[in-house]
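Asker: These protein sequences, in sequence, are chains A and B.
For what it's worth, the working numbering labels the leading residue of the first sequence as 86, then goes sequentially.
For what it's worth, the working numbering labels the leading residue of the second sequence as 86, then goes sequentially.
In short, the hints are calculated from the structure, not lab data.
Note that this is a predicted model, so its numbers are computed, not measured.
Beta carbons are placed, not taken as given, at the ideal position from N, Cα and C, and that holds for glycine.
There's no promise every hint is true.
Partial chain A-side listing against chain B, Cβ under 10 Å, derived [stated by the list, open to error]:
no.: 1; residue: Ile194
no.: 2; residue: Asn217
no.: 3; residue: Ile260
no.: 4; residue: Cys276
no.: 5; residue: Phe286
If you want the footprint, here are the derived chain A segments under chain B, 3+ residues with CB under 8 Å [stated by the list, open to error]:
no.: 6; stretch: 141 to 147
no.: 7; stretch: 252 to 258
There are 2 protein chains.
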Amino acid sequence: MQLIDGKKISLEIQETIAEEVKTLLAQGKKKPHLAAILVGNDGGSETYVASKIKTCENVGFNSTLLRFPSDVSEEKLLQAVEDLNNNDDVDGFIVQLPLPKHINEHKVIEAVKPSKDVDGFHPINMGRMVLNLPAYVSATPYGIVQLLDRYNIETSGKNCVVIGRSHIVGSPMSILLAKNTKVGNCTVTLCHSKTKDLKSFTTKADIIVCALGSPEFLKADMVKEGAVVIDVGTTRVASSETKSGFKLKGDVKFDEVAPKCSYITPVPGGVGPMTIASLIMNTLLAAKKEIYK
Amino acid sequence: MQLIDGKKISLEIQETIAEEVKTLLAQGKKKPHLAAILVGNDGGSETYVASKIKTCENVGFNSTLLRFPSDVSEEKLLQAVEDLNNNDDVDGFIVQLPLPKHINEHKVIEAVKPSKDVDGFHPINMGRMVLNLPAYVSATPYGIVQLLDRYNIETSGKNCVVIGRSHIVGSPMSILLAKNTKVGNCTVTLCHSKTKDLKSFTTKADIIVCALGSPEFLKADMVKEGAVVIDVGTTRVASSETKSGFKLKGDVKFDEVAPKCSYITPVPGGVGPMTIASLIMNTLLAAKKEIYK
């Protein structure tokens, strides 16, 4: 069994990007610039955004954080999006989700200029991805593709089961892995809450992507010997072992599943750190205008 | 075994739409208006477009056909698209594919205003479909959903295999059938040319959508007893039996597969006639501004 070290790969990617930034600057070009909009004071969102900003600094990007109180009006938020759309110095930006209930999340996402949508949440980027056109791929699926690629895990002709059909992970993941691309060409089965006899699918899978958000859902008897298991789950559960009072749990019962696997991602330190690497990669693509000319 | 009569369902849908048009006119509203751009003289394209225009007339729509020679410049074609985008009387329009090789097909598709893209080929409509937002769904997948719906074929929890990953049929079909919607909630496996041991997937499928364009590909030993088989193939093969000199062949070896099925679509007369019904349904949605406000 080999552990897929997302933390290490993420840092390697960041180092490569830091080098690229130096090259851009040496060519007299400007620093790539990522902006983030954060609404309210949700603990998780604060942590994620802080970590994104810090990574920007590490790789030599400019970053801007725009904060709004949780009672900000939709109109005002849309105006902030429009301002970032029109700000030529900002290459890409994100609106940290979730947004407060009085704000139409889809409306805000669709207001982001597709060429600056480095989260890949705009429908046009999702559609371009499906249609094999240049697109920003959203962070988690893109990160998983990177992991499979850098560990040289063969995907072509493999039987892959994706558990969970969320818009952000499961659905795009199932599409990406089925495409006729280098990390792709899997026969993909998308399983979800309505799937009957899930085990009959997972026990035949060469690759399992578990993205349903249910701690320790995937047990050893659901996995075949030698499978590759990618664990996307990151549920906070109360813990007396940590200072913070909680622990991150994946969707995979790691202790019993890991010994059967050829490769497995841990939680934390697997898929999680890759999402930030993806965002930074997308921002660099935006700065270099490689997706939208 | 019950035959799924696409021709009958398509006519029923057209009758319902013709009634709706009468109601719109009685309310003092204008006729829905579909325009089509046809480039060159490809026989298949001519037939398809003529049939679309005729159906428009049958249901009481206005229709406009814009013809261009096969050597039309990309610039001129894009101008025609822009004119239709700006023509308030035109509710929706299509650019009949394929286009000549010197024209960038994607560029033309992306130039169509999403709110008039009744073919559902624009990436934004594809992305909105994936994200469960209001969208024009492309004709063939939409037609298949209608057939399953009108024959009350249970899909929830069913094991569905889609063969073929084309952008226009297989990929969107696999996404639609996996969604948490009325005709949906299938566990969907998307199979393609790189799939190993295809039979091991198809023989377990409750529903098979065959969309690879290979005549009589699906044989009886690949299908389980009681399966629902949807045949999307329409390959022209030479035939001495018909006046035209060719016959349409589906992807399913009908004679041997049909007796094992609970439901099956014939070719011709199954999925084919539904594509026009879908286009007309989308045009009505456009005229009523139900997708884009």
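Asker: When the hints from earlier in the document are held up against this structure, which numbers fail?
Answerer: Number 6 only.
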